[in-house]
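This is what each chain is made of:
Number of protein chains: 2
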Amino acid sequence: MRQAIELAKTGMLAGNGGPFGCVIVKDGKVVGQGSNLVLKTKDPTAHAEVVAIRDACKTLDHFQLEGCEVYTSCEPCPMCLGAIFWARPAKVFFACTKEDAAEAGFDDEFIYQEIEVKPENRRIPMVSLMREESLKAFELWKEKGDKDLY
Amino acid sequence: MRQAIELAKTGMLAGNGGPFGCVIVKDGKVVGQGSNLVLKTKDPTAHAEVVAIRDACKTLDHFQLEGCEVYTSCEPCPMCLGAIFWARPAKVFFACTKEDAAEAGFDDEFIYQEIEVKPENRRIPMVSLMREESLKAFELWKEKGDKDLY
Chain A
1 MRQAIELAKT GMLAGNGGPF GCVIVKDGKV VGQGSNLVLK TKDPTAHAEV
51 VAIRDACKTL DHFQLEGCEV YTSCEPCPMC LGAIFWARPA KVFFACTKED
101 AAEAGFDDEF IYQEIEVKPE NRRIPMVSLM REESLKAFEL WKEKGDKDLY
Chain B
1 MRQAIELAKT GMLAGNGGPF GCVIVKDGKV VGQGSNLVLK TKDPTAHAEV
51 VAIRDACKTL DHFQLEGCEV YTSCEPCPMC LGAIFWARPA KVFFACTKED
101 AAEAGFDDEF IYQEIEVKPE NRRIPMVSLM REESLKAFEL WKEKGDKDLY
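Chains as they are written, first to last, in the working numbering: chain A, 1 to 150; chain B, 1 to 150.
Hints are computed from structural coordinates only; laboratory data are not their basis. Heads up, a few of these hints could be off.
Heads up, the list lumps identical chains together, so a pair's fine if it works in one copy or across two of them.
Straight-line Cα separation of at most 27 Å, DSS-like style, residue types lysine-lysine; simulated pairs [said to hold, decoys possible]:
(1) Lys118 with Lys136
(2) Lys144 with Lys40
(3) Lys42 with Lys58
(4) Lys58 with Lys9
(5) Lys40 with Lys142
(6) Lys118 with Lys98
(7) Lys98 with Lys26
(8) Lys58 with Lys40
(9) Lys144 with Lys118
(10) Lys144 with Lys9
(11) Lys147 with Lys42
Remember, it's a predicted structure, so these values are computed and weren't measured experimentally.
Chain A with its partners taken away, still in its complex shape (with noise of 0.2 Å):
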């Protein structure tokens, strides 16, 4: 967790993005590691977990974070826990909590909120459309023999 605090200091101090790192460690190993690269990259996925997780799979080369420890330096936001609940590590560690975010400016409080509203109620209104369309990929892949569960 240390280390995880201190890559969100130099990340933040670099100008990469906010004040956010993150640690993945299997059997007592670094695997993965990652600082919040938002204005680096100007990819707004770029949180510290979601950068830790891609570099973890690739050290790992596999696309799920088995027997792995997560060390993050704040409370995932909506986003970076989808993103750990897809990777499945074992365990995560976090320091600051989402309080203590909200609190230095970064609110994903409202995400929280949004989840619950009804789709075309949100936001950013979220329409369905194409419906019957889409799902003729759903009957492809069902029928598909040679695929991997993931």
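Knowing the structure of chain A, use the given hints to seat chain B on it.
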């Protein structure tokens, strides 16, 4: 949306990942696109929406998608929903619903449920650690003069 569904089909048939595609449009022009690349890139964050957001941000050279419309072949999972809120497009259109996705074997309902659970009680336990040390990174951020807000 027709193009997003086509990306879903071709990406899946190529073995790149699940049957999901996404196209991002600004002023009637495609500025970003993507299909699910989880299997191809071994990156659990490479959902169609995240891939397309990254692509559009590269095209527009900005970390926000102001005035853009997102066309995705399926209702976004919590990770992609978070990514969309951080990218701030104007509107989202989706074709299949998350219930359709669950029926095809892509069940993200458990993530929506886990968000409601207290961190320490989640399937992947999330535990706080070294909060005081990490708060110092936020203090540094607050003191930082030449920072971009995002």
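Cross-check of the supplied hints:
{"no.": "1", "hint": "Lys118 with Lys136", "result": "within (25 Å within a copy, 38 Å between copies)"}
{"no.": "2", "hint": "Lys144 with Lys40", "result": "between (40 Å within a copy, 17 Å between copies)"}
{"no.": "3", "hint": "Lys42 with Lys58", "result": "both (21 Å within a copy, 7 Å between copies)"}
{"no.": "4", "hint": "Lys58 with Lys9", "result": "both (24 Å within a copy, 26 Å between copies)"}
{"no.": "5", "hint": "Lys40 with Lys142", "result": "between (40 Å within a copy, 19 Å between copies)"}
{"no.": "6", "hint": "Lys118 with Lys98", "result": "both (24 Å within a copy, 13 Å between copies)"}
{"no.": "7", "hint": "Lys98 with Lys26", "result": "within (26 Å within a copy, 33 Å between copies)"}
{"no.": "8", "hint": "Lys58 with Lys40", "result": "both (21 Å within a copy, 12 Å between copies)"}
{"no.": "9", "hint": "Lys144 with Lys118", "result": "neither (33 Å within a copy, 38 Å between copies)"}
{"no.": "10", "hint": "Lys144 with Lys9", "result": "between (47 Å within a copy, 11 Å between copies)"}
{"no.": "11", "hint": "Lys147 with Lys42", "result": "between (34 Å within a copy, 14 Å between copies)"}
When each numbered hint is compared with the structure, a violation occurs for hint 9 only.
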